[in-house]
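Chains as they are written, first to last, in the numbering used here: chain G, 1 to 260; chain E, 1 to 321; chain V, 1 to 288.
Take the hints with a grain of salt, since some may be wrong.
Unchecked claim - From the structure, some residues in chain V lie toward chain E, with a derived Cβ separation under 8 Å: (1) 83; (2) 105; (3) 161; (4) 275; (5) 276.
Stated by the list, open to error - Heads up, incomplete: computed chain E residues facing chain G, CB under 8 Å, no partners named: (6) 130; (7) 132; (8) 172; (9) 173; (10) 174; (11) 176; (12) 185; (13) 192; (14) 206.
These are computed hints drawn from the structure, not numbers from a lab. Every residue gets a Cβ at the ideal spot worked out from N, C-alpha and C, and that includes glycine.
This is what each chain is made of:
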Amino acid sequence: MGEPLLTTEKLSNHFGMVCTARDLDLSFEQGVLTSIIGPNGAGKSTLINLLTGHLPVQAGKIRFQGREITRLPIHKRVRLGICRSFQVVNVFPELTVAQNVMIPVLARTGRAWNPIRSLSRETAVTRETEVFLEKVGLQGERDTPATALSHGDLRLLEVGVALAAAPTLLFLDEPTAGMNPVERVRLLDNIRELACEGRTTFVVVEHDMDVVFSLSGRIIVLHRGEVLCDGTPAQVRADAKVREVYLGDDVSDLFRYEEE
Amino acid sequence: MKAEARNAAAAVVLLALCAVPFLAGKFTVYLAMRIMLLGIFAVGYNLLLGQTGLLSFGHGAFYAAGAYGLGFFGLHVSGNPLFGVAAGVAAAILLAILVGYLCVRHTEIYFAMLTLAFGMMVFSLIWNAREITGGDDGLIGIMRSPVSFFGLLEIPIGTDRQFYFFILFFFALSVWAVHRIRQSPFGLALAGIRENARRSEFAGVPVRRYRLAVFVLSGAFAGLAGSLEALLESNARPFMAHWTHSAEPVLVSLLGGLSSLTGPLVGSAIFIAMREIIQRFTENWMLWFGIVLLVIILGFRGGVVGTLSAFFRKAAAPGEG
Amino acid sequence: MQSYVHVILAGLSNGMFIWLVASGLTLIFGVLGVLNFAHGSFYMLGAYGSFTVLKYLGAGFWTGLLLGPLAVCAAGFVVERFFLRHVYRIALPYQLLLTFAFVLIFDNLVKIVWGGGALSPPSLSFLGGSIPILGRNFPVYNLFIIAVGPAVALLLWALLEKTWYGRIIRASSSDREMAASLGVRVPALFTGVFVFGTWLGALGGGLAVPYVGLLTPGMGEAIIIEAFIVAVIGGLGSLKGAFVGALVIGVMSAFGTRFFPSFDMFLTFILMGGVLLWRPQGLFGAAR
C-alpha cells in the first residue's frame, strides 16, 4: 500500500452525552478507495465532518500529508486537497450548473479575486469547467439553474462541485442517496473511473452494501464512534463482530454477496 | 438582455443624462444630481445586499466618512475636489475595514444589527465631537474649487451645471465598475456566498475575506457618494451617518429590485421623485412614505424592475399564463 | 466615593429604562425571530399615551401608567396581526423594512397628534423630591425605577420558567412546527408575545414620562439603538444577557457622561467592540 495521505490520532467528539467519535486512529492511503459503513448513529458523518473541518475537533489530531491540519479552516483544507460532497444536496441553488462547478475551479486557480475581468473571457476556467461537467455527465444541462434539475442530476452536480475543487482526497457522503438505479450505475461508473485515474483518492460513506462491496478496496466499519472492523471487503465480511452489529435487515444486505 | 441591446440602452441613458442640464430647469438638475448620488450609494450597496446577501444597516457611516473626509481634506490640506473625493473614499475604506472586520463573521440579522450599532456609533461620535466636526450644525463651508490637474488644466465645477457633469462622471464610472464586478469571477464568488456560504467554503473560497472585501468595496461607493454630496451641499452633516439614512440604500434596492444592476438605480429615481411629490402635497411625508413602503413589502416584493420583467416574461410567453 | 455611588445609582436607573425596552425587544426576537425597529416607537407611544392620560384626563400617575401602555398594546396588536404575520417567512430585509415603515408612520403620527415640539409633563407629587444618600440628594423616582427593573425581570422569569404559558412559548420559539403539531395555536401565541413585548416597551415609555423631563417625537430612536447594543452585548435573544447588558451599559454611560462628557456613547461602543472580539455571540448568547 502507498503513503498514508491522512492520519488521525485519538480523534474524539461528543454531542452532550453521546460519543460519536472515540479515540479514532485512522489512516487513509493514497489510491485506495475506502468505504465507511456502520449503522445509523455510528459516527460516519461526524467523522467526515471532523476531517473536513465542518465540525471543530474537540480532542485529537489530524495530519494531512504529514502536516497538521486539526484547526485549519475549511477553505484552507480544500486548498490543500481535502474536499467533500454532502448527504443532503448542498449546491448553489439559483446559479446555473456551469456556475456551480466554476466556483471551485476559480477558487482553486486563484482567479476568484478578479473583480474587473469578465467571466466570459476566462477561457481556461470555462474549459476546465466543461471537463468536470463531462465527468459527471451534465454538459447538456450547462445553463440550467440548479433548482430546476432533477434529483438525480442534483446529486451528480453535488459530486461535480466537489470534484471541481480537484481534491487529492475526496469524501463522498452517501453520493447515491435517493437516486434511481440507472443514475446510480452511471455515478458509480464515474467514480470508479475517476478512482482509476488516480489523481483523487475517494472515501465513501454508503448505506447501500452493493455499492460498498463492489467499489471498495478497503472498508471501515464504525459503531458508536469506534472502529469495529477495518480491512478488505473479504475480511469485513468474515468478521464476527460486524455480523453481530448488523443483525436484522442489514445482515441480508451485507452478506448477500456470499450467497451469490 | 443581449449585450448589444444593453450597451445601446446604456448609451441612450447616458446621452439623456448629458442633455438634462441643457433642457431642464435648475430644480430638475438638482434632483437629477440627488438621484445620481443615491444611485451611486445604492448600486454599490447592492453588491453587498443583492450580490452577497448581507444586509447592512450601517452604510450611512461610510457615506458620512466620505463627506467628512472630503470636508477635512478640503479645509486643511487641499481644495482640489479630485483629491478631496479620493480622501473621502479613503476615509470610508479605512472605516469599513475596521467595522467590517468586527462584523463579517456574523450573518443575517446579527450582521444587520451590528452594522446598525456601529453606524450609530459613528453618528454619535460626529454629533458629540463638536470641536472637530461642528456637531449637529455639521461641517460647513466646503468649497467647490476647480478640478485641477497639477496646474496644467483647470475645470471649474462652481455652477450647478458644471458640477452636474462632475457627478455624472462618477456616476457613470460607478455603474460601469459595479457592472464589471457583477460579471467578474469575484462577482460569481460573491453570488456563491449568497447562495450557500458553507458550500463556498468547501469550494475553497475564504468566505469571510470575501465578505470583508465586498463590505469595504460597498463602503467605498458609499464614501464616494458622501463626498460628492458634501461638495453639492457645501456641508457634511451627522445625519448622513444616521440609521434612517443607512436604510435608504436598502429601501431603494428593494424598491427597484435586488437582483439586477438597474434595480437600485430605478429605485433611486423613484425614491427621490416620490419624496418630492409627497412633500409637495403634505408635510407628513414620512407617514405616506411608510404606507407606500408597507404596500410595496406586502404586494410587490420583486421590486419595480423584478415585477416589470416578470410581467414582460409572462407577456412574451402567454401559453404559460 | 460619594460621587461614585451617585454616578452608579444614576447609571442603574438609566440602565433600567434600557432594560425595559430591551426586554420586549429580546422577547420578541427570541420567540418570533423578528428584529423590531418599531420597538422604540412603542416606547415613545407609551410615553405620549401616559402623558396624555396624566395631563388631559387629569388622572393620576398610576392610572396613566396603566392606561397609556395598554392603549399602545392595541397598536402592537395591529402591527403583528395585520402586517408582521405575513412576513415571517420572507427574506430578512423585508421584515426589517416593514418594522422600519412603522417607525416612520408612528413618528409622524405623533407629530400630527401631539405636535413636533417637546412637551414637558407635570411634576409628580409623590415619588417626587429627593432623599439624601451619603450626604447628597438623590431623586426618589430614580430609586423607584431601580426597583421596577428587577421586578419586571422577576416577572418575566417567573412567567417563562414557572408557568404553563411560558413552557409553551419556549417550546414554540425553539420549534414552531413541533409546537403547532402539538396543538399550540402558534399564530395566536405569537400575537400574544408581540403584544406583551409591546407592553414592556410602552411601560418603559410610561415610566420615562417623569424621568426624561421632555417628550419629543424622536425619543424612541435613541433608546432603541441603546437597546440594540444591549442585545448585542448580552447575546441576541437572551433575556438574562439583556438585563446584565443594560446594567453595564447604563452604568458605563453614566461614568462616561460624568468624566468624558463628549464621548459617553463612545465608551459604550468600545465596550461593544471588545465584547464582540472576545465573544462574538455576546455574553450570554448561544454559540452559533
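Hints, one by one, checked against the model:
no., hint, verdict
1, 83, "7 Å, holds"
2, 105, "4 Å, holds"
3, 161, "25 Å, violated"
4, 275, "10 Å, violated"
5, 276, "5 Å, holds"
6, 130, "39 Å, violated"
7, 132, "34 Å, violated"
8, 172, "16 Å, violated"
9, 173, "13 Å, violated"
10, 174, "13 Å, violated"
11, 176, "10 Å, violated"
12, 185, "5 Å, holds"
13, 192, "4 Å, holds"
14, 206, "5 Å, holds"
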